[in-house]
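**Student:** Chain B: place on chain A using the hints.
This is what each chain is made of:
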Amino acid sequence: MSSPALRLYDVKKSYRNGAEPVHALRGVSLEIAPGEMVALTGPSGSGKSTVLNVCGLLDAPDSGQREMGGEPLDARPEAELTRLRREKIGFVFQGFNLVPVMTASDNIEYPLLLLGTPAAERRRRVDDALERVGLAGLGGRLPDQLSGGQRQRVAIARALVKSPALVIADEPTGNLDSATAAQIVELLHQLTHERGAAAVVATHDDRMTRYCDRVVRLADGLLA
Amino acid sequence: MKWLVFALRNVLRNRRRSLTALLITAIGTAAVLVGGGFALFTYDSLREVSARDSGHVVVGARDFFTGDEDVPMQNGLGGAAALQAELAALPGVRAVLPRIEFSGLISNGDKSAVFVGRGVVAQTDFRVRGVQTGFVAGEPFDAGASLPEIAIGKDLARIMKANVGSGLTLLSTTTEGNLNAVDVVVRGIVSVGVPEIDRRLVIADIGAVQKLLLTDKVSTLSLYLSDMEQSDAVAGSLAATHPQIAVRTWLDLASFYQAVRALYNRIFGMLGGIILVIVLFAMVNTLGMAVAERTREIGTLRAIGTRPDEIVRNFVLEAAVIGGGGALAGMAIAGAVTIALLFAGIQMPPPPGRSTGYPLLVNFSAVLYAATGAAVIAASALAAWWVSAKAARRPITEALAHV
Chain A
1 MSSPALRLYD VKKSYRNGAE PVHALRGVSL EIAPGEMVAL TGPSGSGKST
51 VLNVCGLLDA PDSGQREMGG EPLDARPEAE LTRLRREKIG FVFQGFNLVP
101 VMTASDNIEY PLLLLGTPAA ERRRRVDDAL ERVGLAGLGG RLPDQLSGGQ
151 RQRVAIARAL VKSPALVIAD EPTGNLDSAT AAQIVELLHQ LTHERGAAAV
201 VATHDDRMTR YCDRVVRLAD GLLA
Chain B
1 MKWLVFALRN VLRNRRRSLT ALLITAIGTA AVLVGGGFAL FTYDSLREVS
51 ARDSGHVVVG ARDFFTGDED VPMQNGLGGA AALQAELAAL PGVRAVLPRI
101 EFSGLISNGD KSAVFVGRGV VAQTDFRVRG VQTGFVAGEP FDAGASLPEI
151 AIGKDLARIM KANVGSGLTL LSTTTEGNLN AVDVVVRGIV SVGVPEIDRR
201 LVIADIGAVQ KLLLTDKVST LSLYLSDMEQ SDAVAGSLAA THPQIAVRTW
251 LDLASFYQAV RALYNRIFGM LGGIILVIVL FAMVNTLGMA VAERTREIGT
301 LRAIGTRPDE IVRNFVLEAA VIGGGGALAG MAIAGAVTIA LLFAGIQMPP
351 PPGRSTGYPL LVNFSAVLYA ATGAAVIAAS ALAAWWVSAK AARRPITEAL
401 AHV
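Residue numbers (this note's numbering), protein chains in the order written: chain A, 1 to 224; chain B, 1 to 403.
Next comes chain A alone, as it looks inside the complex:
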């Protein structure tokens, strides 16, 4: 039996809000299998973003354990976590978070540049990614020359171009109209499944949850 793509065990995380501690996660345990798409739902302040940050190695838990592909993560130095994010994790943000001075192609190419992928291979994979997200011919456009849906397609292509083991998506349809959102949901589902990437998607969108293999509900820092 293969190791889970990601495993959280009794993860706790709290912040200080002034003098008051805020317990964002009170002991979350979660396993995500390779290729599995998990929807993370819950009201605002339930801890969704904190779970995504912990899963995406953007933030460290106060206690508990994290594993990726069976390998424990929490004793690793920041440089090692950065390497893991570079190689194994793709991110899709609610606000797209594309670099405005980079064209669509450049944004998609960026993770491959970090990985030191040869130029010819980069070109091939960027063209392929643009094709797969339906933006063939638009690679030369800057983000502000693209619609919201097109920008999120670029962001999805950027997350998946390096064939990551895990995709972290934070409200990927939050800034899109319903028709575009439906296309983006379908695209994200299709591409992650095609590439065998596990995905954790924080969402309020019911259409999104319908495409996910499993829905996990968070309330007050605990899995419901």
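There's no promise every hint is true.
[Said to hold, decoys possible] Taking CB as the label site, the calculated pair distances span:
#, chain 1, residue 1, chain 2, residue 2, range
1, A, Y9, B, L8, 43 to 49 Å
2, A, P118, B, L12, 25 to 31 Å
3, A, S178, B, L12, 32 to 38 Å
4, A, A179, B, M289, 37 to 43 Å
Keep in mind that the hints were calculated from the coordinates and are not lab data.
None of these values were measured; they are calculated from a predicted model.
Idealized CB from N, CA, C, for every residue including glycine.
**Tutor:** Frame of chain A, contents of chain B only:
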């Protein structure tokens, strides 16, 4: 190359701000290059003057440069003619000129004044020194005249009420400690541009001076070389082969040149330092705002696996683009100023202690241009590192939440 393209696009992101930083850098660079070029012109001019005045290499008796004399020519160089012939035969030596330094009183019959004299081989010495000794009236004297001829400083001529053709008397102490006098005719009135010297200067034929002092010695032999850069080598070689004589290079004797150089190095060094600090702060301001505005972008890039040092490198590249562009523009401005001054004919006022000004010119130096460009780019890079290092290490979640 991709990173440089991204850096260039980021620089163009806020054109006005980048242009302001670039202009400050350009003006700073131009100021350093023009100021530095002026200092180099001054150094070169003084170097030329000093070397022409003393000779590239000067030899004297063992104690001539360090000892005090009880009587004139006590530390003079004997057997100078043979040594002069030997030195003149050395490769790279263009001329060897004997000189005598002496002093005494000069009189027109009614009044007397102290003079400081040089005994020279007239025609050769005036030719070798060139325009340095400028004739205000008259011409270089002739060694073969029936009465010894001299040139005197213009202020001394005024004091003595002398003109070309006037008869004067030189009075000096001989090598035996007695007084001796010689009647002379003024053949030329000269100015070296320093009032204190022009009030005292007498230049006479070396043979006449030897008769006046009752000596066959000379004070020094001045060697003029084909290549001034060989001065140290020739001096070193002479010191090794002639331990009985003292050898000095023009630089050893050029105390005014060395003082001016030390002063200008400090002044222009401080000016350059201040300008670099201004460039540094301009860049800190420009890139600091860019870093603050792009905090969320930095968070995104960090999230997708960019290391902090790669974030810093990107900002350093942006700074290098602005700094490099500013440096190039500054070099173009400085080059234009350098050329314009060649045609403008602007004269600087006389420096303290001198009576003549000098042209305002700026030297071009590839080394100065390269060093200034490198310093400006390094200051820009330092500024970028300074403002971006902390932001690059900010927690990613904080950076992503930045509004």
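**Student:** Going back to the hint list, which numbers does this structure go against?
**Tutor:** Violated: none.
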